[in-house]
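From first to last, the protein sequence lines stand for chains A and B.
Following my numbering, the numbering of the first sequence begins with 1 at its first residue and continues without gaps.
Following my numbering, the numbering of the second sequence begins with 1 at its first residue and continues without gaps.
No lab work stands behind these hints: they were computed from the structure.
It is possible that part of the hints are untrue.
It does not matter which identical chain is meant; a pair holds if it fits inside one copy or across any two.
[Said to hold, decoys possible] With a straight-line Cα cutoff of 27 Å, these simulated DSS-like cross-link-like pairs (lysine-lysine) come out:
| hint | residue 1 | residue 2 |
| --- | --- | --- |
| 1 | Lys266 | Lys193 |
| 2 | Lys85 | Lys199 |
| 3 | Lys193 | Lys85 |
| 4 | Lys193 | Lys27 |
| 5 | Lys100 | Lys85 |
| 6 | Lys85 | Lys27 |
| 7 | Lys100 | Lys193 |
| 8 | Lys85 | Lys266 |
| 9 | Lys266 | Lys100 |
| 10 | Lys266 | Lys199 |
The model shown is predicted, which means the values in this text are computed figures rather than measured ones.
Next come the chains, spelled out residue by residue.
There are 2 protein chains.
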Amino acid sequence: MSRRGERPSPETLATLPVAIDAMGGDKAPGEIVEGARRAATEDSIPIVLVGPPDLVGDTGGLELVECTEVIAMDEDPAGGVRRKKDSSLVRAAELVRDGKASAMVSAGNTGATMASALLRMGRLPGVVRPCIATPLPRLGRSPAVLVDSGANSECTPAMLVQFAQMGAAYVSARFGTESPTVGLLSIGEEPTKGTPLVKETHYLLQEAGGFEFVGNLEGRDLLPSPADVIVTDGFTGNVALKALEGSLRFLFDAMLGVFGTNEETKGAADVLLPYLLPMASQFEPENTGGAMLLGTDGVCVISHGSSNATAMANAVRVAYECATRGLVDHVASAVLPVQEG
Amino acid sequence: MSRRGERPSPETLATLPVAIDAMGGDKAPGEIVEGARRAATEDSIPIVLVGPPDLVGDTGGLELVECTEVIAMDEDPAGGVRRKKDSSLVRAAELVRDGKASAMVSAGNTGATMASALLRMGRLPGVVRPCIATPLPRLGRSPAVLVDSGANSECTPAMLVQFAQMGAAYVSARFGTESPTVGLLSIGEEPTKGTPLVKETHYLLQEAGGFEFVGNLEGRDLLPSPADVIVTDGFTGNVALKALEGSLRFLFDAMLGVFGTNEETKGAADVLLPYLLPMASQFEPENTGGAMLLGTDGVCVISHGSSNATAMANAVRVAYECATRGLVDHVASAVLPVQEG
């Protein structure tokens with residue numbers, strides 16, 4: 001079912017639309033369609049929505065590829081993709097596979113998005129398992145990325161080495177990072193610390209090429225990360241990422257609570273908020289452009305389930321930029337087969 | 001080498017001193033001795049310092065148990081404990097074992113602290129492996145605790161069930177929590193999500209007694225935690241805990257940077273800081289009293305390596321309170337042998 005024939009050139013990809021799962025996400029279709037419309041009008045990005053016309057409703061003038069099914073947010077991913085062959089997610093992935101779209105974007109069921117992309121676009125040659133790369137903000141610098149942030153609960157050392165290679169290719173393509181640095185998430189700097197998976201991966205990363213391995217990092221190094229790419233298994237990565245999200249939200253809420261204490265604090269907060277909000281916005285998932293699935297033969301952006309129009313517009317921009325910069329070619333070249341220890 | 005004979009009663013423990021590793025921590029001995037002195041004078045807690053007299057220097061009038069060696073912060077824990085039988089850490093653990101101290105406290109080498117406690121005090125009957133419980137702040141409520149936050153990189157389901165039992169006993173003894181609730185750290189609410197370890201543990205926790213199992217929690221639930229006890233393996237727990245620490249520090253620093261933008265923001269910050277600092281102090285490790293080793297036959301508090309006098313005084317208070325409330329008896333009663341799946 002995977003891609004047949006040559007991958008389109010970046011020039012061709014620039015002319016193809018980004019396929020958007022109009023029914024994916026907690027705020028679909030309203031905010032999704034609105035975000036797509038913004039990316040189309042403000043950035044002249046070619047767009048095609050995918051969804052059942054009666055559910056999508058007004059497309060705001062955007063083209064709609066019609067289908068009949070939707071995979072729900074809480075539906076079993078593998079089963080949903082297997083049963084719902086005419087769902088918006090599966091059809092969006094097929095558009096990329098068939099050279100009719102440059103990339104797909106969904107804020108829907110994360111597992112089903114991955115499964116659709118994997119089953120329809122296929123894996124790049126040599127890739128053991130695709131992974132998810134999620135940006136981690138660094139104030140005043142391009143973000144770092146965390147790989148794998150949730151695709152694979154169970155990993156081998158060889159998989160983690162490939163995540164590093166794909167992550168490095170991604171930050172090069174997306175942020176123009178030259179000579180990307182890679183760190184391995186562990187519980188101490190020493191190569192002897194951590195699980196057997198981490199210890200073996202540490203050794204393999206020292207031997208691997210394509211990036212500069214800076215050694216082990218710890219949880220406290222995630223914000224701001226000293227390395228451009230932080231490698232971990234998808235279980236640890238998902239827990240760590242959500243811990244960061246949760247703690248930042250907790251602290252913002254606590255701060256806002258303090259600001260509302262009395263008239264004096266409210267007045268002082270009015271002075272500070274215009275300065276604090278731009279800083280805080282760098283931490284908002286809606287401004288980071290979503291997570292990128294790496295290792296499939298086509299670009300797939302996984303946007304936050306809570307995505308609003310701003311988040312969707314940013315995700316579409318990231319998808320379009322990465323597709324037209326030849327992200328998939330970069331990742332394909334970066335992945336080297338690794339012998340397991 | 002472990003405890004001989006009966007465990008001292010809470011009444012006896014209240015008369016015994018807390019043994020403090022005077023040479024443990026980045027700021028030892030100065031801040032450690034000062035913190036010990038404060039706990040002694042302000043709270044009338046009986047104290048004994050342990051360390052080489054020439055290195056400890058002025059004890060501020062506190063009793064010193066003399067020894068000749070110190071295990072360095074970066075020394076191999078197992079090797080250090082094996083070789084340095086007259087080190088401050090090993091001797092502190094022996095004082096607890098021999099019924100001459102109610103508890104031990106160290107801000108030194110975490111691995112060596114655990115190894116000293118484990119090898120000298122011994123494990124409680126039936127305990128597969130001790131674990132570390134670290135408090136997670138909940139504004140306006142008693143903290144939750146994360147177990148294991150770093151003692152065991154590799155865990156079995158049976159170990160995680162015991163961590164839950166020991167964590168529940170700890171929050172009962174320390175915070176007076178009745179009917180503690182326990183959550184399992186995973187990457188989704190569904191019992192089918194996560195690693196094989198998590199899936200098997202989920203099943204066992206549903207069957208286990210001694211607490212109310214509320215199901216899986218995610219990284220974003222750590223602050224504030226809906227459960228009194230969050231159970232995970234020591235690798236994930238350590239990464240998550242340090243991720244929280246790092247993100248809170250990152251955001252505070254970013255906020256302080258914004259406050260210093262100009263005269264107007266500085267003025268507004270002067271109004272807000274008296275309200276923000278008490279809130280922020282709830283997140284400071286120095287105010288949480290350190291982490292507790294659970295499962296050893298004696299109380300052992302592991303204070304942050306960066307502990308100052310305040311942190312040490314709080315750690316001593318926690319150690320004394322837990323010892324005199326019979327924490328070890330509570331934990332011993334809570335741990336049930338579990339059949340592996």
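Status of each hint after checking the structure:
When the C-alpha separation of lysine 266 and lysine 193 is checked against a cutoff of 27 Å, the pair qualifies neither within a copy, at 48 Å, nor between copies, at 44 Å. For the homomeric pair lysine 85 and lysine 199, neither the shortest alpha-carbon distance inside one copy (42 Å) nor that between copies (30 Å) is at most 27 Å. Taking the closest pair of Cα atoms, lysine 193 and lysine 85 come within 27 Å of each other only across two copies (24 Å); inside a single copy the shortest separation is 46 Å, beyond that limit. Proximity of lysine 193 to lysine 27 under the C-alpha cut-off of 27 Å is restricted to the inter-copy arrangement: shortest distance 24 Å between copies versus 43 Å within a copy.
In this assembly of identical chains, the alpha carbons of lysine 100 and lysine 85 lie at most 27 Å apart only when taken from the same copy (18 Å versus 72 Å across copies). With identical chains, the CA atoms of lysine 85 and lysine 27 are at most 27 Å apart within one copy only, with a shortest distance of 23 Å there and 63 Å across copies. In the homo-oligomer, the alpha carbons of lysine 100 and lysine 193 never lie at most 27 Å apart, since the shortest distance is 48 Å inside one protomer and 34 Å across protomers. Taking CA atoms no more than 27 Å apart as the test, lysine 85 paired with lysine 266 passes in neither setting, with 54 Å inside one copy and 59 Å between copies.
Within a single copy, lysine 266 and lysine 100 get their C-alpha atoms no closer than 53 Å, and across copies no closer than 55 Å, so neither meets the 27 Å cut-off. When the C-alpha separation of lysine 266 and lysine 199 is checked against a cutoff of 27 Å, the pair qualifies neither within a copy, at 51 Å, nor between copies, at 47 Å.
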